[in-house]
Structures are given as C-alpha cells and as structure tokens.
Amino acid sequence: MNDPMVSRSSAQASVLQTNKVLRNTYALLSMTLLWSAVVAAFSMAMNLPRPGLILMLVGFYGLLFLTEKNRNNSMGLVFTFLFTGFLGYTTGPILNAYVGAGMGDVIVTALGGTALAFLALLLTR
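Take 12 as the starting number for the sequence shown in this note's numbering and just add one per residue.
FYI, nobody ran anything at the bench for these hints, they're computed from the structure. The reader is advised that the hints may include incorrect statements.
Claimed, not checked - Computed list of lysine to any residue pairs in SDA-like fashion (alpha-carbon distance at most 20 Å, straight line):
no.	residue 1	residue 2
1	Lys-80	Thr-91
2	Lys-31	Leu-133
3	Lys-80	Phe-97
4	Lys-80	Thr-43
All chains, please: the whole structure from these sequences, using the hints.
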C-alpha cells in the first residue's frame with residue numbers, strides 16, 4: 012500500500028512554536044492592560060488618595076521582584092496581575108487630576124484601546 016507520510020520540517024515546527032509564543036504573549040499583555048485599566052477606573056471612581064513615594068517605590072520594586080522570582084511557577088502570574096493592578100491604582104490619582112482638567116477619559120480610552128488592539132492581534136494570529 013502507498014501510505015502518504017506526513018512530516019513537518021523543523022522550520023515549520025519553529026514557526027508554529029513562535030506563533031504560539033506570540034499568541035500567549037498578546038493574550039497576557041491584553042489581560043494585564045485590561046486589569047490595569049479596571050483598577051485605575053476603580054481608583055478614580057473611589058477617589059483613592061495618592062500613595063506616598065516610599066509606598067509607591069516599595070510596591071513597584073517589591074512586586075517586580077516577586078514577579079521575577081516566581082517567573083517559572085504559577086505564582087508569577089498572580090504577582091504579574093498584582094503588579095499591573097498596583098500600577099493601575101497609582102495611576103488613578105493622576106488620572107483624577109486629568110479628569111479635573113477635562114482630559115481623563117482620553118487616557119482611560121487609550122489604555123483600554125491598547126488592550127483591545129493586543130486582543131485583536133491575539134485573535135488574528
């Protein structure tokens with residue numbers, strides 16, 4: 012019998028792997044941007060106070076350190092979302108200042124639009 016053999020070259024496998032990595036990267040980036048936008052909007056709506064310099068630096072560097080140390084286990088993903096949520100929280104008071112000047116909606120729209128753009132890239136890949 013003449014059975015056709017199906018084989019993939021290493022170049023095809025490499026392209027498939029690259030596409031999978033890009034798709035996963037776009038997915039994670041879009042989810043973290045959306046989360047940051049949600050937390051920033053919540054921070055604005057609740058009119059949360061601006062954190063002090065020390066709290067901000069400890070939060071940024073501490074969460075960044077925890078994300079790096081846990082990059083190879085599932086807690087790394089949790090710390091990534093905590094980090095981006097903290098970024099959203101600290102952005103909220105700044106956005107409230109822009110809202111006071113009549114420009115806050117532009118910034119939130121830009122953040123949400125960027126997240127949606129990466130989501131669209133994810134879906135088209």
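**Hints breached by this structure** = none
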